[in-house]
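Novice: Here is what each chain is made of, one letter per residue.
6 protein chains.
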Amino acid sequence: MTPPSLPITPALEAQLRGWLAEDIGRGDLTAAALVGRTAQAHWLAKAPGVLCGGPLAVALFRLLDPQLEARLLVADGEPLEAGQRLLELSGDGAALVAAERTALNLVMRLSGIATATAALVASLEGSGVRLADTRKTTPGLRVLEKYAARCGGGVNHRLGLDDAAMLKENHLAWSGGVAAAVAAVRAGAPWPARLIVEAESEAEAVAAVRAGADAVLLDEFSPEALTALVPRLRVLARERAAGGGAADLMLEASGVAPDQLAAYAASGIDLISTSAAHTRSAWLDLSMRFAPLLA
Amino acid sequence: MTPPSLPITPALEAQLRGWLAEDIGRGDLTAAALVGRTAQAHWLAKAPGVLCGGPLAVALFRLLDPQLEARLLVADGEPLEAGQRLLELSGDGAALVAAERTALNLVMRLSGIATATAALVASLEGSGVRLADTRKTTPGLRVLEKYAARCGGGVNHRLGLDDAAMLKENHLAWSGGVAAAVAAVRAGAPWPARLIVEAESEAEAVAAVRAGADAVLLDEFSPEALTALVPRLRVLARERAAGGGAADLMLEASGVAPDQLAAYAASGIDLISTSAAHTRSAWLDLSMRFAPLLA
Amino acid sequence: MTPPSLPITPALEAQLRGWLAEDIGRGDLTAAALVGRTAQAHWLAKAPGVLCGGPLAVALFRLLDPQLEARLLVADGEPLEAGQRLLELSGDGAALVAAERTALNLVMRLSGIATATAALVASLEGSGVRLADTRKTTPGLRVLEKYAARCGGGVNHRLGLDDAAMLKENHLAWSGGVAAAVAAVRAGAPWPARLIVEAESEAEAVAAVRAGADAVLLDEFSPEALTALVPRLRVLARERAAGGGAADLMLEASGVAPDQLAAYAASGIDLISTSAAHTRSAWLDLSMRFAPLLA
Amino acid sequence: MTPPSLPITPALEAQLRGWLAEDIGRGDLTAAALVGRTAQAHWLAKAPGVLCGGPLAVALFRLLDPQLEARLLVADGEPLEAGQRLLELSGDGAALVAAERTALNLVMRLSGIATATAALVASLEGSGVRLADTRKTTPGLRVLEKYAARCGGGVNHRLGLDDAAMLKENHLAWSGGVAAAVAAVRAGAPWPARLIVEAESEAEAVAAVRAGADAVLLDEFSPEALTALVPRLRVLARERAAGGGAADLMLEASGVAPDQLAAYAASGIDLISTSAAHTRSAWLDLSMRFAPLLA
Amino acid sequence: MTPPSLPITPALEAQLRGWLAEDIGRGDLTAAALVGRTAQAHWLAKAPGVLCGGPLAVALFRLLDPQLEARLLVADGEPLEAGQRLLELSGDGAALVAAERTALNLVMRLSGIATATAALVASLEGSGVRLADTRKTTPGLRVLEKYAARCGGGVNHRLGLDDAAMLKENHLAWSGGVAAAVAAVRAGAPWPARLIVEAESEAEAVAAVRAGADAVLLDEFSPEALTALVPRLRVLARERAAGGGAADLMLEASGVAPDQLAAYAASGIDLISTSAAHTRSAWLDLSMRFAPLLA
Amino acid sequence: MTPPSLPITPALEAQLRGWLAEDIGRGDLTAAALVGRTAQAHWLAKAPGVLCGGPLAVALFRLLDPQLEARLLVADGEPLEAGQRLLELSGDGAALVAAERTALNLVMRLSGIATATAALVASLEGSGVRLADTRKTTPGLRVLEKYAARCGGGVNHRLGLDDAAMLKENHLAWSGGVAAAVAAVRAGAPWPARLIVEAESEAEAVAAVRAGADAVLLDEFSPEALTALVPRLRVLARERAAGGGAADLMLEASGVAPDQLAAYAASGIDLISTSAAHTRSAWLDLSMRFAPLLA
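From first to last, the protein sequence lines stand for chains C, D, F, W, B and E.
In this text, residue positions in the first sequence follow numbering that gives the first Met the number 0: the first is 0, and each later residue adds one.
In this text, residue positions in the second sequence follow numbering that gives the first Met the number 0: the first is 0, and each later residue adds one.
In this text, residue positions in the third sequence follow numbering that gives the first Met the number 0: the first is 0, and each later residue adds one.
In this text, residue positions in the fourth sequence follow numbering that gives the first Met the number 0: the first is 0, and each later residue adds one.
In this text, residue positions in the fifth sequence follow numbering that gives the first Met the number 0: the first is 0, and each later residue adds one.
In this text, residue positions in the sixth sequence follow numbering that gives the first Met the number 0: the first is 0, and each later residue adds one.
Quick caveat, the hints were computed from the structure, so don't treat them as lab data.
Worth double-checking, as some hints may not be accurate.
As the list claims (entries may be wrong) - In the DSBU-like style, the derived pairs of lysine-lysine whose C-alpha atoms are separated by at most 30 angstroms in a straight line are:
#1 F:K45 / W:K45
#2 E:K45 / B:K45
#3 B:K167 / B:K135
#4 F:K167 / W:K45
#5 W:K45 / W:K135
#6 E:K167 / E:K135
#7 C:K135 / D:K45
#8 C:K45 / C:K135
Starting from the given sequences, assemble the full structure and let the hints guide the process.
Specialist: Right under this line is the structure:
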């Protein structure tokens with residue numbers, strides 16, 4: 000598989016600059032004595048997990064010391080063992096201590112998500128069902144926390160409100176039913192945008208397929224209910240295609256507890272979406288150690 | 000006690016605008032059918048906890064609908080029960096759905112921190128020892144995640160690298176020892192800035208007090224070691240004052256597991272700092288429910 | 000049909016502020032004498048067309064005079080006749096003259112696109128084939144120029160590089176063929192993202208369908224070639240579905256001259272994409288007229 | 000003649016970053032497979048014209064790949080033939096495809112303006128009359144579209160509301176006549192700022208000269224009317240100078256159709272201003288071609 | 000005379016927001032106890048001077064409290080006596096104290112410039128010679144410090160590098176002499192831009208006029224030298240006009256000590272430019288006083 | 000002593016970019032003829048003083064010419080003699096002239112502050128009393144003007160509203176007296192933040208110490224009054240400590256005229272704060288000289 004990639008685009012670089020400014024404020028009071036002295040440091044994992052954000056750490060240090068030498072020993076998406084050294088740095092001492100906390104905070108948070116995602120993905124191994132994230136991400140970190148999910152082996156759900164349409168209960172109620180709502184959204188959305196309908200009952204799911212949904216998000220169904228419902232919806236999709244509508248239908252389950260992933264995976268759905276890795280994971284414990292000063 | 004306050008300053012408002020833009024991107028594809036229709040909604044707690052960020056949610060919705068009517072039923076820092084209604088909203092339907100996810104993400108994260116902080120603070124009740132946070136906060140959320148700690152009953156440690164100086168192991172090594180390091184930092188720092196020294200051994204702690212530190216952060220000592228060390232350091236501070244130095248000395252413990260808080264509190268220290276509420280807490284589960292459309 | 004809507008989001012408002020600043024620079028030298036005087040003005044169409052951007056004009060004037068009274072007489076997407084009055088304004092004279100040029104420039108450009116799009120769409124009337132735009136838009140105006148295409152009756156193609164994937168000749172060559180390229184992109188893209196392949200020959204189109212493309216962009220084929228190719232591709236899609244692949248297939252033509260739209264529409268394709276309305280249209284001629292000053 | 004120059008100032012670079020972000024959004028989904036592979040490409044003109052924006056294209060690519068090698072074969076302001084190669088690029092494949100559309104959109108728009116301007120300027124050749132642009136430019140592109148006019152051989156009119164004052168009909172009406180308006184504006188404007196008055200009748204033109212205007216913009220006069228009026232205004236200017244006023248007077252015609260330029264040029268005016276090259280020109284057709292991947 | 004005006008444009012408002020953020024940082028620690036309490040305050044002049052920036056102060060307070068009531072008792076450009084009350088405020092107590100320092104700093108600096116300018120202008124009274132400022136302004140305050148000069152009765156010189164051209168010694172040397180330099184700059188500059196040449200000797204001044212300069216800045220000449228030179232240059236300008244060149248010529252002196260203004264004014268020049276009011280003035284002493292709290 | 004240091008952080012670099020844009024605007028009209036020509040220049044002091052901002056000047060020039068060669072001959076905080084050369088530059092001629100004014104303006108202002116501060120500090124030499132600045136700084140220049148005070152040998156007072164709390168008369172009145180006010184602020188402030196109380200009478204000073212203030216700012220007391228009061232307050236602080244409160248107490252005088260510094264220093268206070276160096280100093284006169292062009 001192609002490993003995840005994360006180009007440091009101008010927009011991302013602007014965020015990195017802002018995060019450094021947030022911690023440094025009007026100047027690092029403690030670093031004053033270190034200006035101009037070259038220092039060496041490395042990062043250690045203090046617990047096992049999956050790395051995410053290594054290139055971001057390097058970019059943060061480089062923003063304060065463009066001449067910094069950095070060597071990433073572990074790629075994003077790869078496993079880390081407790082005690083493993085993952086990054087080596089050499090550069091201006093004041094820059095290293097000024098960016099240290101920001102860099103660690105970012106990579107610890109992202110690696111925590113990647114680690115938790117990898118554990119969830121492992122529960123689905125062999126099932127052919129994919130694990131998707133949600134839009135429950137920390138404000139300001141959407142792109143990076145979605146990237147973390149990919150580093151953990153998950154697949155991203157829509158990235159924002161603008162790359163796919165998702166009709167929920169209130170959209171349907173307000174628009175005069177699912178058929179009208181689907182038509183209204185299709186009319187204004189870009190043609191490549193998929194249209195997903197969230198269903199909380201069998202009747203809603205059936206109506207969504209008939210109305211032409213590309214995907215149905217089946218929320219808080221039991222595994223048994225899904226096992227019965229999924230084949231029925233697939234039949235409806237074939238009937239829909241025969242009538243000139245779309246043939247393909249993606250079925251997604253949500254509201255699934257982590258320990259039930261395998262049970263849901265057996266129901267015939269295509270993917271399971273969960274925010275657990277983003278809303279209930281701990282940061283991965285990483286540490287930065289300095290070598291004695293060179294000069 | 001004065002409840003925590005959170006003015007929506009221009010700088011904070013700019014962040015809120017950016018977070019909305021992050022989710023909305025090039026436009027909410029699904030909201031198209033809801034433009035111009037007035038909707039009513041409310042927020043529910045799905046689990047017990049401590050609220051943090053209510054005024055931020057209101058501000059986010061108002062950025063998309065300046066005429067929005069909002070009523071906060073619970074103040075920041077107050078407890079929430081599962082099922083409790085905390086916020087009522089009435090305004091443009093498209094604005095409500097476009098800001099929903101961003102507002103929930105922010106308040107769920109902050110309330111998770113406040114809830115976890117409150118639980119830690121409860122362990123210290125009656126001890127007279129305060130619970131402080133750290134600089135381990137999500138990039139971009141420093142001010143708000145520090146506010147969340149206050150909502151949970153904690154006290155903030157320094158806000159950034161510029162409002163207090165903290166000398167760690169590497170600063171000391173690089174500067175020729177603690178006395179030289181303290182002198183160098185004092186010379187350049189604003190006079191009101193406190194100077195804290197992190198000590199990992201008794202010898203370092205003693206040297207820090209002698210060098211004139213305002214506070215010593217005692218990292219990864221056992222409760223027993225602290226019980227022995229603290230009185231000795233207080234004596235040294237009195238001696239220091241007698242010699243013309245500062246008399247006051249704040250003693251802080253770190254590296255304390257949540258279930259050991261009470262044991263550490265009995266050691267005579269002044270405060271305990273921990274990142275647990277920020278790096279190991281789950282988001283508080285909140286939900287937004289829409290009423291049938293009015294028009 | 001639901002008319003196009005354009006909420007003035009915080010991100011859009013920031014652009015409007017920037018555009019005013021671009022023209023005003025260090026201050027409007029001529030407006031000095033008009034400060035504090037209430038003025039009335041209206042906008043006239045000097046040529047027939049389709050309006051796009053009315054609410055943007057109002058928002059621009061309001062940024063300089065929050066108390067401005069404005070009345071839009073024509074909605075975006077509606078036709079304008081030469082001489083028709085479309086907007087009435089009353090407010091601070093200095094604000095009206097300072098925002099005049101920026102507002103006119105924006106609405107004239109957008110209405111030019113809407114007008115040209117409407118003419119192209121008219122050529123396809125009754126064919127069931129939709130007219131799509133492209134990513135050839137003026138830097139900085141992507142969202143608005145895409146909105147203008149909708150105002151003219153067109154449908155938007157992807158909005159940027161992040162809401163759908165499109166494999167072009169070079170992607171295919173670099174990735175070891177279409178099957179490998181499709182697999183690589185699918186692995187990293189969000190699951191709702193559609194995957195489009197651009198084909199310049201029958202062989203490429205066939206390979207794209209077999210590799211699982213959701214859509215094929217058929218570039219610079221003749222109408223006759225398309226008429227022969229389209230049914231064959233649809234058969235291949237059914238075979239693909241029978242083998243467990245996706246069943247749906249969108250076929251899109253590009254490289255079509257405006258006077259050939261009807262001929263291409265008869266070939267069985269689903270939509271035609273063209274940049275003509277964005278790269279070869281004139282601005283719609285609009286004018287702002289002032290009434291004598293009131294005070 | 001000194002060729003036009005376009006330093007990439009910090010302000011311009013910030014715009015370039017924003018335009019890349021506009022297209023890339025949350026990440027280029029298709030480029031994932033190309034990261035780290037070196038690619039070669041070149042740009043071709045598909046139609047004849049005048050180039051404008053070459054250095055901007057290079058700067059855009061370099062923002063995504065600082066190591067990019069670029070060779071501009073044609074300078075801004077020089078003519079292009081159909082089929083001519085104008086730019087050669089070698090660098091990271093993912094960067095080349097991610098910046099491709101933004102760079103082409105910008106250079107195609109600017110070259111379209113330069114090309115149209117050059118055609119208008121050619122109509123005036125030998126007349127000694129200069130062709131000036133206007134403030135009808137695309138929002139956000141003022142500086143660049145003014146530069147494009149220079150690349151086409153035109154001269155810029157004022158750059159914004161702050162570098163010269165221009166009194167129009169409404170200014171005059173509101174200020175109690177041209178003399179009062181001129182006095183009010185002169186009092187507050189920087190001394191180097193020229194003061195232009197727009198006149199729609201002979202009487203207004205005469206009043207403007209008497210009131211001390213540095214220039215009169217004669218709008219929608221016929222060539223014959225101008226031929227009669229111009230000498231009279233020059234006499235008035237000499238009389239004005241004799242009375243202690245300014246002696247110099249610039250006379251400018253506007254509202255001139257492109258096919259009438261020569262006729263107007265013969266009337267004795269100094270320059271003709273027109274927005275035609277900015278509001279009625281097509282983008283110049285350019286294309287980017289990739290060579291087979293190197294690695 | 001029309002009093003100076005200062006619209007709070009979006010660009011200026013953005014600066015005001017940034018200046019508040021600079022002082023407030025991560026939050027006003029002292030204001031916590033004042034949130035939600037209405038307070039009344041007023042501003043007093045503690046020394047005589049000329050007010051500049053009153054509307055900026057009001058705008059700053061309103062950014063923190065949109066409901067603030069403010070009454071300006073003195074207009075910008077008007078004189079202040081020691082002890083005079085100039086502004087009355089009523090609003091949220093926390094907002095008043097949080098914006099107090101920023102607002103005072105800005106208005107004290109600007110009023111210091113206005114006051115110093117007024118004193119210099121008074122030296123020229125009756126001479127018909129105007130006093131101009133320079134580009135020596137505090138970084139970030141160009142527009143406002145130029146406005147302050149107008150409030151003091153001065154006239155602005157060019158506002159930046161883009162609204163007029165000024166050839167200095169080095170430009171001339173590098174371009175092959177004044178004639179070549181003038182020609183090169185004229186070719187690329189907007190037609191309304193004036194071209195000024197700085198001359199440090201009689202020969203340079205003569206060459207500048209012959210080369211077609213609109214103005215000559217005569218730097219560090221004695222009053223006697225100017226008295227002899229000015230008529231000669233005016234004659235040259237008339238000869239230039241007779242030869243088809245520009246007739247008007249503005250003559251400006253610089254390098255003039257404040258106590259020599261009257262002597263220079265008698266030399267026949269048109270204006271004197273000086274940075275003294277911006278680089279050698281004290282801030283005007285203003286103070287904010289609070290009334291006892293209402294609630 | 001460690002010399003002051005000033006890392007060019009991302010936040011500071013963003014300000015430098017903005018200041019260049021402020022002067023350059025839409026482009027340097029005069030520099031056109033100099034593009035691509037290498038030039039050499041140096042900076043001279045025209046008056047004696049203390050340098051502040053040398054690295055900022057270099058950074059400004061480098062933003063326009065990344066290849067610029069610069070050599071600083073004098074470090075920040077060091078004395079300058081009239082006529083002394085302090086900076087040598089070699090780079091693109093157009094970049095040098097475009098950044099010249101901005102760089103000089105910044106360094107002249109900052110060096111003026113450093114020079115004035117050094118003179119005040121000299122008055123205190125040998126007294127053991129330190130000279131502190133205030134929050135009276137030019138909007139936008141807080142960090143740099145505080146740095147200038149350090150370059151002159153002063154110590155910084157608090158940097159903003161968020162790094163220390165200072166209770167003034169109105170805070171005290173509004174909060175129900177000094178004890179209540181101190182308690183309210185302590186409860187919400189970070190624990191390292193010092194709490195200062197401003198006192199205008201002996202009674203207020205006494206109350207402040209009793210309430211637990213870390214420091215008392217004694218405003219507009221006479222030297223004699225201070226000489227009597229200071230020992231009394233120190234006694235109170237010892238009593239406070241005996242009762243379990245803080246032992247340390249910093250005593251600061253304000254409202255001191257420059258010629259009275261020595262008299263106040265003898266009163267037993269710890270430091271004197273004054274805004275004189277920021278609000279009543281002239282810019283240090285510096286000049287940039289160009290060598291003849293090389294190419």
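Novice: Which numbered conditions among the earlier hints are violated in the structure presented, ordered from lowest to highest?
Specialist: Structure breaks hints 1, 2.
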